[in-house]
Structure formats: structure tokens, C-alpha cells
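> Sequences are here, hints too, so could you generate the full structure?
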Amino acid sequence: MSARPTPVASSWRPSITIPLVLQARSGLVVMLISLAIAPVILSDYELTLFATGVSYSVAVLGVALGFSSVGMLTLTQPAMMVIGGFVALQLIELWHFPFLLAAVIGTAVGMLSAIPLGWLTCRLDKFSFAVLGFAFTYLVAMLMSSRLLVDVTGGELGKPFPAATAFGLPLQGVWGYSLIAAVTLVSFAVAAVLFRSTMGRILLVMNQDDVVARTAGVNTNLHRISLTAIVSGYGALSGALVGQASGFIAPPQFDVALSISLLAMALVGGAGYLLGAFVGTLILQFVPAFLGFEQIDREILVGIILLFCLVAAPNGLLAALRHIPMRRRP
Amino acid sequence: MTAPAALLADAVTLRFGALRALDDVSISVNPGEIVSLIGPNGAGKTTLLNVVSGLLPAESGRILIGGNDISRDPPNKRSLAGLRRTFQHARLADDLTVMENVLIGASIADYPGSLFGEWLCLPSRTAKLRAQRDHAMALLASLDLADIAELHVRQLSFGRKKLIDLVRALMTSPSILLMDEPTAGLSEAEIETLIAVVNRLRASTTVLLVAHHMGFVAKVANSVICLVAGRVIARGTPREMQSDPKVLAAYMGTS
Chain A
1 MSARPTPVAS SWRPSITIPL VLQARSGLVV MLISLAIAPV ILSDYELTLF
51 ATGVSYSVAV LGVALGFSSV GMLTLTQPAM MVIGGFVALQ LIELWHFPFL
101 LAAVIGTAVG MLSAIPLGWL TCRLDKFSFA VLGFAFTYLV AMLMSSRLLV
151 DVTGGELGKP FPAATAFGLP LQGVWGYSLI AAVTLVSFAV AAVLFRSTMG
201 RILLVMNQDD VVARTAGVNT NLHRISLTAI VSGYGALSGA LVGQASGFIA
251 PPQFDVALSI SLLAMALVGG AGYLLGAFVG TLILQFVPAF LGFEQIDREI
301 LVGIILLFCL VAAPNGLLAA LRHIPMRRRP
Chain B
1 MTAPAALLAD AVTLRFGALR ALDDVSISVN PGEIVSLIGP NGAGKTTLLN
51 VVSGLLPAES GRILIGGNDI SRDPPNKRSL AGLRRTFQHA RLADDLTVME
101 NVLIGASIAD YPGSLFGEWL CLPSRTAKLR AQRDHAMALL ASLDLADIAE
151 LHVRQLSFGR KKLIDLVRAL MTSPSILLMD EPTAGLSEAE IETLIAVVNR
201 LRASTTVLLV AHHMGFVAKV ANSVICLVAG RVIARGTPRE MQSDPKVLAA
251 YMGTS
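Chains A and B supply the protein sequences, listed in that same order.
Residue 293 in the numbering used here sits at position 293 of the first sequence, with consecutive numbering throughout.
Residue 61 in the numbering used here sits at position 61 of the second sequence, with consecutive numbering throughout.
Check each hint, because a few of them may be wrong.
[As the list claims (entries may be wrong)] Rough simulated footprint, nothing fancy, chain B against chain A, three-plus residues with beta-carbon under 8 Å: (1) 166–176; (2) 203–213; (3) 217–223.
[Stated by the list, open to error] Simulated DEER-style distance windows between Cβ atoms: (4) A:TYR138 <-> B:ARG15: 40 to 48 Å; (5) B:LYS77 <-> A:TYR138: 33 to 41 Å; (6) B:GLU150 <-> A:GLU299: 44 to 52 Å; (7) B:THR126 <-> A:VAL190: 16 to 24 Å; (8) B:ARG72 <-> A:ALA108: 33 to 41 Å; (9) B:LYS77 <-> A:VAL150: 46 to 54 Å; (10) B:ARG72 <-> A:TYR138: 33 to 41 Å; (11) B:ALA3 <-> A:TRP119: 40 to 48 Å.
Please keep in mind that the hints were generated in silico from the structure rather than gathered at the bench.
Quick reminder that beta carbons are idealized off the backbone N, C-alpha and C, glycines included.
Encoded structure:
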């Protein structure tokens with residue numbers, strides 16, 4: 001046996017090669033630049049559309065986290081969005097909570113309500129869990145639109161979502177957008193940190209071989225529950241941000257069709273990339289709205305792009321872009 | 001009063017349908033002992049390791065570590081109690097590097113509480129992660145694997161994957177190590193390295209291993225247990241077992 005020197009000890013870094021955080025830092029920089037440029041080049045109306053798209057990207061990030069780490073097909077995000085959005089709205093309306101605090105509490109409520117779902121992920125296979133998520137979203141959408149909660153949610157018509165305030169003044173226009181952009185950027189950065197840690201590595205191993213993780217001392221059930229709560233937290237936060245961005249929140253915004261759209265956004269952008277959620281959301285949510293597509297046309301576009309990506313870029317557009325060979329000039 | 005066995009399987013029975021994979025199997029391994037399980041294919045050797053590590057629940061019987069009954073504990077609790085294992089076919093995450101795979105085996109006794117320190121990059125936590133990495137590198141070096149620490153596992157041969165599986169199991173300096181056919185797929189040189197490593201473990205670790213390579217067994221094992229059709233048919237030193245008529249009959253197919 002030889003006692004060799006440790007060649008990589010000097011270049012030690014506390015990070016791992018989990019796909020999600022590949023180029024995470026550059027992804028965050030690209031996001032920061034995009035978010036900073038938007039108010040300069042977009043009109044007020046277009047900026048509102050962009051802010052709404054950016055808000056959706058937080059829910060998409062949750063879907064991407066679940067999919068890229070343990071292969072979880074999360075179809076519960078619309079339910080979590082409606083929970084987070086209306087909890088925040090209630091706190092703002094009834095107790096005049098500041099928006100950020102209301103959004104954080106809405107996120108926490110979303111995470112807590114996801115714990116029973118997380119418990120079920122330990123007992124169901126991936127397909128059964130996806131179906132269950134679909135049913136859960138349908139149930140919550142119906143419940144939120146029902147007469148039972150009409151005073152809270154406004155039923156199918158929804159309710160206006162008050163603008164956040166700073167020093168007693170409402171944050172509107174660029175300032176309101178800046179708040180949403182900052183929260184979104186922080187939530188993406190948190191995801192990058194989370195999945196660079198030991199937890200990220202464990203989740204990836206669980207995805208590849210559950211037995212290895214268990215025999216290494218990992219409580220895999222606890223991790224599945226935690227991951228479900230984190231993913232749902234992103235959904236709930238997104239719900240509050242969507243309300244803030246559009247100034248309005250209504251249960252029909254968060255129906256079961258949205259769960260498929262969010263999954264499509266994650267897959268089109270590239271679930272294995274931090275920036276993928278952002279790119280996918282812009283392509284499938286913001287661009288059609290920017291071009292003034294009708295709802296039905298948007299859904300057709302989502303279907304076409306999703307089909308294209310499944311065939312031409314099964315790991316998402318960012319993965320496909322990475323593999324385009326650079327041409328050299330003669 | 002004698003010290004309890006490091007590992008005791010007491011009257012363990014497990015059936016797969018009509019097949020009795022383990023039939024009232026009782027074995028004990030004393031602290032620091034290296035015991036080898038041998039037997040023809042289908043004898044129940046790997047099944048016994050799976051029951052001991054908690055991957056399969058025994059229908060009846062008990063598993064004790066140092067006198068403590070762990071029969072109802074899940075695999076992760078058994079691992080935290082000091083029991084680690086390797087696999088017949090190395091089970092590694094192909095998308096991770098060798099180092100990252102090995103670090104999965106690092107102690108997570110303070111986890112998930114330590115995560116906050118990790119997320120906030122607290123110096124104490126960073127130092128601990130660095131120490132874990134240095135320990136992993138030292139273990140890899142002991143098996144001549146230091147130079148492949150940053151390679152992706154998918155680039156490696158079957159034999160090297162087996163050795164990395166072993167390094168991962170050794171990350172916490174386990175008190176009990178289960179090894180499932182550790183020599184399978186290894187070159188002769190790698191087997192010699194493995195013999196040295198296993199012999200060095202003797203001072204601190206109790207080992208129960210499944211092996212077909214009798215040369216390896218003879219060089220490392222204190223005693224050998226022969227399983228046939230889920231039953232223990234003989235136990236003795238490697239030399240005794242090589243001339244035991246029941247063992248010979250089992251391997252010749254006349255048992």
C-alpha cells in the first residue's frame with residue numbers, strides 16, 4: 001500500500017457536481033442581468049407581464065428541484081400557490097402585515113400543508129404520487145372556488161391583491177417589480193445553496209439508489225418529506241408573488257392545467273439547471289403573454305414546444321445549448 | 001462474565017414464498033473477528049447480510065449488535081449504530097465523482113442540524129467538511145485510488161467500483177463491517193491490497209464477509225461458516241473447512 005499525496009486537497013471546495021447547480025453561479029448572474037434590464041426595455045404593461053412570469057418561475061423552480069433531485073413529478077404546485085397567495089392576502093387584508101412577512105408566512109403554511117403529502121411520497125411510487133398531486137390540486141382548486149371559502153377567496157372572481165408598501169407608500173411600477181425580482185433572485189440563490197450542500201448530494205444518491213443512502217445512515221423518509229415541503233414552499237411563495245405582480249388573485253388562475261404547464265416550463269428550460277426554471281417560464285409564460293396570445297393559443301404553444309423539446313432537447317433547452325459545437329472561423 | 005458478541009444473528013428465519021432462504025440461522029461474531037460466509041449459490045449468504053443490515057426483515061429471530069437488539073431498527077439506524085456494508089455489485093451514484101460517492105459514507109450523526117452551518121458556510125462546519133474530505137482521501141490512498149478521486153464513477157472498472165464501495169463503508173470507521181463478495185471482479189493485485197486493508201481492520205472492526213475466493217478467505221478469516229440451502233452446516237477455521245466432508249459435499253453438489 002502506498003501513502004500517496006492528496007492531489008486535490010489543496011483545491012478543496014465544499015460543493016458537489018449535482019446537475020442542478022451546474023453553472024449555478026453564472027445562471028444567477030444571467031438572471032440578475034435579465035431582471036435588471038427588463039425595466040429599461042419594457043413598457044409598464046409589459047413589465048407587469050414580465051413580473052408575473054418571473055413570479056411563476058419560483059413555482060417552476062420548485063418543480064425542477066423535485067424532478068432533478070429525486071425524480072419527483074410535482075403536480076401540486078398550483079394548490080400550494082393558491083394556499084400561499086391567499087394566506088398572504090388574508091394577513092395583509094386583515095392584519096395589515098407587510099407583504100414580505102405575509103409572503104414568508106404563506107410560504108411556511110404551504111410547507112406545513114405539504115408534510116402529509118411528503119409522508120405519502122414515502123409510501124407511493126412516483127406515478128401514483130403524481131396522480132395524487134393532480135387530485136390534490138383539483139380538490140384545492142374546487143375548494144377555493146366554492147361557496148364555502150367565497151369570503152376569503154372571492155370565489156371564481158377572486159380578489160384584488162394590495163401592492164406592497166414601503167414607508168407607507170405603495171410600491172408600484174418599477175419599485176413593485178424590483179421587490180418581486182429581488183425575492184425571486186434570493187429564492188433561486190437559496191435553491192443553489194441548498195442543493196450544493198450535503199442534503200443535495202444525499203438527494204441525488206437517493207434518486208440513483210435508495211438502498212445506498214439508507215445503509216449509509218440516511219433517513220430517506222425524512223428527506224422525502226423535507227424535499228416535498230421545500231418544493232411546496234417555493235410554490236406557496238410563488239402564489240404570493242403572482243398576486244403581488246398582477247395585483248389580483250383568483251382560484252381559477254391555479255387550476256390543474258397549470259400543474260402541467262409548470263412541469264412543462266421546468267422540462268423545457270432544463271430541470272437540471274438552475275437557470276432552466278427561469279428560461280422555461282419566460283418561454284412558455286411570458287413570451288406568449290407578451291405577444292398577446294389568447295389562452296387557448298398559449299396552451300397550444302405550450303404543447304408544441306413541449307413536444308419539440310421532448311424530441312429534440314429531452315434534457316431541456318439549456319442542456320441542448322451546451323452541446324451545440326462552437327464553429328471556428330476558417 | 002463474557003463480553004457479548006459484536007454481532008449475533010439468533011435463530012433467523014426468512015422465507016420467499018415456499019422457499020426457506022434462511023432456516024433458523026444462528027451465527028455469532030466476536031469483537032475484532034473476521035468471519036467468512038461460504039456456500040454454493042443460493043445458500044442464503046447475501047440474504048443473511050441483507051437481514052443483518054436491515055434491508056430484509058426476518059420473519060423470526062433476532063439481530064444483536066454488542067448485546068443490543070436491533071431487529072426492529074431500519075437500515076439507517078443500524079448504520080448509525082456502527083454497522084456498515086458493501087454490496088455484491090458496487091452500488092454507486094454514476095453521476096457523482098469518486099470523492100462525492102465516498103463522502104456519502106461520511107458521518108451524518110450531526111445531520112441535519114449541521115446543514116444550517118453548511119448553508120451559512122460557518123467556519124466550524126467548513127472545517128469539518130474539510131476533515132471528512134481529507135479522511136476520504138487518506139482511505140482512497142490506502143487502496144491506491146487517490147489519483148482517481150475526481151473522476152466520475154461511470155468511467156471506472158467494476159473492480160475499482162467495488163473498492164470505492166468499500167472506502168465509502170469505511171468512512172465512519174464502523175464497528176461492524178459486512179462485505180458481500182469483496183473480491184469479485186478484482187485483479188490479483190487489487191485482491192492483495194484488499195487483504196492488507198482487511199487485515200488492518202482487525203484491530204478496530206468486526207467483519208462478516210461473503211466470499212468465494214478461498215485464497216482470500218484463508219488469508220483474512222479467523223473462522224468460516226458454511227451455509228447450504230439457508231442452513232448453517234459447518235463452522236471452523238479456514239483450514240478445517242477445506243477438509244470438512246460436509247463442506248466438500250456441498251460444493252460438489254452432493255449435500
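> Which earlier hints turn out false for this structure, listed by number in ascending order?
1
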